[in-house]
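With the hints as extra help, turn the sequences into a complete structure.
There are 2 protein chains.
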Amino acid sequence: MARIALDAMGGDFAPEAPIAGALQALAELDAAHSIQLVGQTSVIEGTLSKLLAGEYAGAAAHRARIEIVEAPDVIEMTDKPTTVRKKPNSSMAVGLQLQADGRSDGFVSAGNTGAQMAGSLFILGLHQGMTRPAIATLFPTARKPVVVLDSGANVDCSAAELVQFARIGAVYAEDMLGRSNPSIGLLSIGEEPEKGNAVVKEANQLLAAAGLNFQGNVEGRDIPRGESDRGALDVVVCDGFVGNVLLKFYEAVAPTIMKMLAGALQLDRETAQKGIGALDYAEHGGAPLLGVKGVSIISHGRSSARAMKNAVKKAVQAAESRMSDHIGRRLAESEEVQA
Amino acid sequence: MARIALDAMGGDFAPEAPIAGALQALAELDAAHSIQLVGQTSVIEGTLSKLLAGEYAGAAAHRARIEIVEAPDVIEMTDKPTTVRKKPNSSMAVGLQLQADGRSDGFVSAGNTGAQMAGSLFILGLHQGMTRPAIATLFPTARKPVVVLDSGANVDCSAAELVQFARIGAVYAEDMLGRSNPSIGLLSIGEEPEKGNAVVKEANQLLAAAGLNFQGNVEGRDIPRGESDRGALDVVVCDGFVGNVLLKFYEAVAPTIMKMLAGALQLDRETAQKGIGALDYAEHGGAPLLGVKGVSIISHGRSSARAMKNAVKKAVQAAESRMSDHIGRRLAESEEVQA
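Protein sequences appear in the order of chains A and B.
Going by the working numbering, the letters in the first sequence line up with residues 38 to 376, in that order.
Going by the working numbering, the letters in the second sequence line up with residues 38 to 376, in that order.
Wrong hints could be hidden among the right ones.
For chains that are exact copies, the list does not tell them apart, and a pair is met inside one copy or across any two.
Straight-line alpha carbon distances no greater than 20 Å define the calculated PhoX-like cross-link-like pairs of lysine-lysine that follow [stated by the list, open to error]: (1) Lys296 with Lys123; (2) Lys311 with Lys296; (3) Lys117 with Lys232.
Calculated from the structure, these hints are not laboratory results.
Here is the structure:
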């Protein structure tokens, strides 16, 4: 059983979206799992009562699996990341602290991403062998989804950090996607090991000697294909600048392609709208911040109730699979840490 | 009138694709324009005769606007970029030299891209004020196409080089796309000037003081949208690593999205295939190497005859608009060069 702390105050549609998402998640999850709604008790109680009296009347039976955890302060979207240290009574800090104290098994927020990263780092801490955490995002592909990391936690990464990302991305692919011996690619501008910028060229050499199932360099085209010419891909490693540019590009490309297709295929307006809906990857839930000791799922600021439900389910899966413990063990076994 | 030198030996489908592309281009271009087919005379004559006797019988009238220029050597796709200096009698080197000698107005090749970049640099030279050339690619968007540069000529770029790319990208948008006072964005991971890696943060400051129509930082999502929250975009500046990853990602994403759509919209196989065809951006022709003194259009290795036709037409437009002269003048007027 997993206890997931959910930031009830975070996100563009808070508190409704996270609280409704909690009710949706409880309806779908095994009865052993519970949710801690973290935030201003009066606000949470009011919203919960409203939802249970209306659209979510059928979810009343799940109310007993919700605990409300008081957190009087709120971190705004415009606050600096370090605000999380100055506001220990914010929903973000309180939610993470529950986990650090062993009273929760995972944290989910659609609030200020910078503050969530900083808070996860300060409150949960990093596994030995990590110098920075990384955001791992699932990219839909023509085959199975591919894990891309880092997709935005860091801008300038060292070659050694890219190797760390490969190790922890592989554990994510194993525990969350059920891939065995995940195949790892290093994002570059050519397949040959000598192609790429200075950091990528060095990382290619380190990865080849890291004892991982390393495919070598892969190119931008291999991500949507879900495979390179050397086989199926499970994990693609890149720095957080490139990963974030790609993620935002991918999220926005659907309406453009739909418009081009609607013209070429003479689709009607309704069909085109349906197509855009089918391509809304943001609905697929949140992305874990990997490398920290625990579970911290970062959701999009504009997450709907459905996206929050999916993020909570992802947190449960991460907690149940003991992904963070496996990451710690894998890093401890790696040569970099033993050396 | 423009004389365009076309590398008849370059590309996966050479010599057929470039020679057929030349015939298609001549049929569509004003009669004042001519093409120089550069390569092994016997091979070119044989292919030309075969095409004119068969599929291109209707193009016989255009034969007079084709000059065959002998170049006995060929640069292979696997050759190193510097091979172009060791093979001065290759179709690549001879084609570029024609322009340096004032006997041609533009060069097009689907051959070895590295060799074409090196050859353009050695033989045509760089405009004063440039330290590296950049490949400018058109990205289709939900609005008008956006010029993205550099999309692959350089991996590590300095902030000053990103400013150079902004200047020459603006001239491209003016001369080739008819945009007046082009709006320029700097690709980053957030709109605020302090967001980005070290080079991007420095470039943001330099660009704000460069006398350009600089919008500030833009994000990955703004490229397919064709606009940021601050208005329409004409030019997006980034280093060649990010630009190349994005370009290849975009080229490959259509089949993935089509597959997801085909499921969601229950499209039949034929419609899906038609959709993929409509999204084949590679057909849109080549990308100019900007910053060199002259016109050098880089085409995809797997260019079809239609893609080569489009590349030749692009070369004619670049020559006729005197884009390279305008780039030289714009750079000379800039503070960086005057200082």
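Structure-based check of all given hints:
1. Lys296 with Lys123: Classified as neither: same-chain Cα gap 46 Å, cross-chain 48 Å, threshold 20 Å.
2. Lys311 with Lys296: both (12 Å within a copy, 14 Å between copies)
3. Lys117 with Lys232: Classified as between; 12 Å across copies, 37 Å inside a copy.
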